[in-house]
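Take the sequence shown: its position 82, counted from the start at 1, is 82 in full-length UniProt numbering, and no numbers get skipped.
If you're looking for bench data, these hints aren't it; they were derived computationally from the structure. Keep in mind that the hints are not guaranteed to be accurate.
[What the hints assert, rightly or not] With a cut-off of at most 30 angstroms between alpha-carbon atoms, the simulated BS3-like pairs for lysine-lysine come out as follows:
(1) K36 x K151
(2) K151 x K125
(3) K285 x K108
(4) K108 x K295
(5) K36 x K231
(6) K285 x K300
(7) K208 x K231
(8) K108 x K300
(9) K125 x K108
(10) K231 x K151
[What the hints assert, rightly or not] Per label pair, the in silico range of CB-to-CB distance:
(11) E303 x V77: 30 to 36 angstroms
(12) I149 x R209: 28 to 34 angstroms
(13) D72 x P166: 19 to 25 angstroms
Bear in mind that the values here come from a model prediction, so they are computed numbers and not experimental data. Where is the CB? At the ideal position from N, CA and C, for every residue including glycine.
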Amino acid sequence: MDQGQLDLYATNLASSSTHRRSCLVVGNYCHDVLIKDNSVIAESIGGATSFISSVLDGFNLASCYVSKVGPDFAYPVTHRPLVSSSSQTTVFHAYFSSEIKRQDRILKRIRACDPILPSDLPNSKFDFGLAVGVGGEILPETLERMIDICKTVLVDIQALIRVFDPADGTVNHVDLNQTGFLYLLPRIGFLKASSDEAPFLDLEEVRKRCCVVLTNGSEGCMVFTKDSELKIAPFPTIQVDPTGAGDSFMGGLVTGLTHGLTVPDSALLGNFFGSLTVGQMGHSKFDPHLLQRVKEEVDKRREDHFDGLQFFRALDAARSSSSFLQKSKRELPNNTGGAKCNDQSLLPTICEKEPHSIS
């Protein structure tokens with residue numbers, strides 16, 4: 001996909017205006033436990049699927065979700081998961097510390113639900129597929145099946161390269177070349193990775209096989225193809241909790257593509273939703289009035305093809321005027337501390353230096 005294809009890709013998808021785009025989202029729901037200084041400070045629903053659905057549902061996209069949980073699953077969800085009779089829900093513990101030198105979280109998978117099998121996927125065709133596993137639940141054969149039934153598949157690299165310490169479940173990464181997914185790269189549409197995950201892929205080789213999107217906190221993101229690269233502007237924001245920012249980015253990216261935006265515009269929409277997510281505590285909630293305004297701006301962008309900077313300014317204005325921002329500021333925890341934040345700051349810490357968007 002060269003630069004010209006980047007600009008035209010999603011616009012060409014929209015040429016048939018009577019066809020409603022469909023999306024398949026694959027990845028397990030989880031139970032997340034947030035721990036600071038050995039004390040539990042929050043428990044919530046987790047998993048990339050839960051954050052992505054907040055974006056897709058806000059745009060009323062025709063979406064199908066395949067997730068597995070155990071009988072112990074504790075949260076009500078719009079998209080019902082498959083309930084495993086042989087395992088319990090995946091559990092992650094995220095550890096934060098008040099120590100200045102320990103701002104990054106330590107993530108541990110405490111328990112894993114059953115993996116998602118090819119036979120768990122529907123016998124239907126979809127325009128887009130999102131492979132967004134977090135706990136090793138997506139197998140190579142499952143991703144291959146997704147590619148067979150979806151025209152374009154977007155993959156979060158964490159679904160491919162995460163490994164878990166057999167002793168305590170600490171999350172680590174392996175090089176993409178050491179996984180069983182490498183042979184599928186030429187059939188993937190987009191591979192998304194964070195700046196922390198980027199060292200585990202050979203960018204120069206992978207970009208020859210599929211479009212790579214690298215998110216980088218306050219720097220926004222970069223879109224790489226075989227012959228081109230493009231920087232996508234960030235939306236400055238006060239970071240409260242980085243959890244789920246990359247997932248919301250994926251939701252925004254695929255939302256843009258389904259609405260016929262170009263890849264750069266879709267990535268900008270991803271940055272937008274990532275910035276909204278890091279600006280609030282816990283699971284993301286989006287103001288319906290804000291979503292309506294964003295929908296209007298997306299429609300204008302697709303139909304009028306005005307300047308890209310104008311699209312950025314329109315989204316930023318919608319975000320700045322939203323009652324959501326004022327509500328988020330009122331709900332910030334009292335313990336804001338003095339530590340400056342980076343891509344994964346302490347949960348109750350506010351940035352005092354550079355604002356961040358995508359974690």
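Results of checking the hints against the structure:
no., hint, result
1, K36 x K151, "violated, 43 angstroms"
2, K151 x K125, "holds, 8 angstroms"
3, K285 x K108, "holds, 25 angstroms"
4, K108 x K295, "violated, 37 angstroms"
5, K36 x K231, "violated, 35 angstroms"
6, K285 x K300, "holds, 24 angstroms"
7, K208 x K231, "holds, 18 angstroms"
8, K108 x K300, "violated, 43 angstroms"
9, K125 x K108, "violated, 35 angstroms"
10, K231 x K151, "holds, 26 angstroms"
11, E303 x V77: 30 to 36 angstroms, "holds, 34 angstroms"
12, I149 x R209: 28 to 34 angstroms, "violated, 20 angstroms"
13, D72 x P166: 19 to 25 angstroms, "holds, 23 angstroms"
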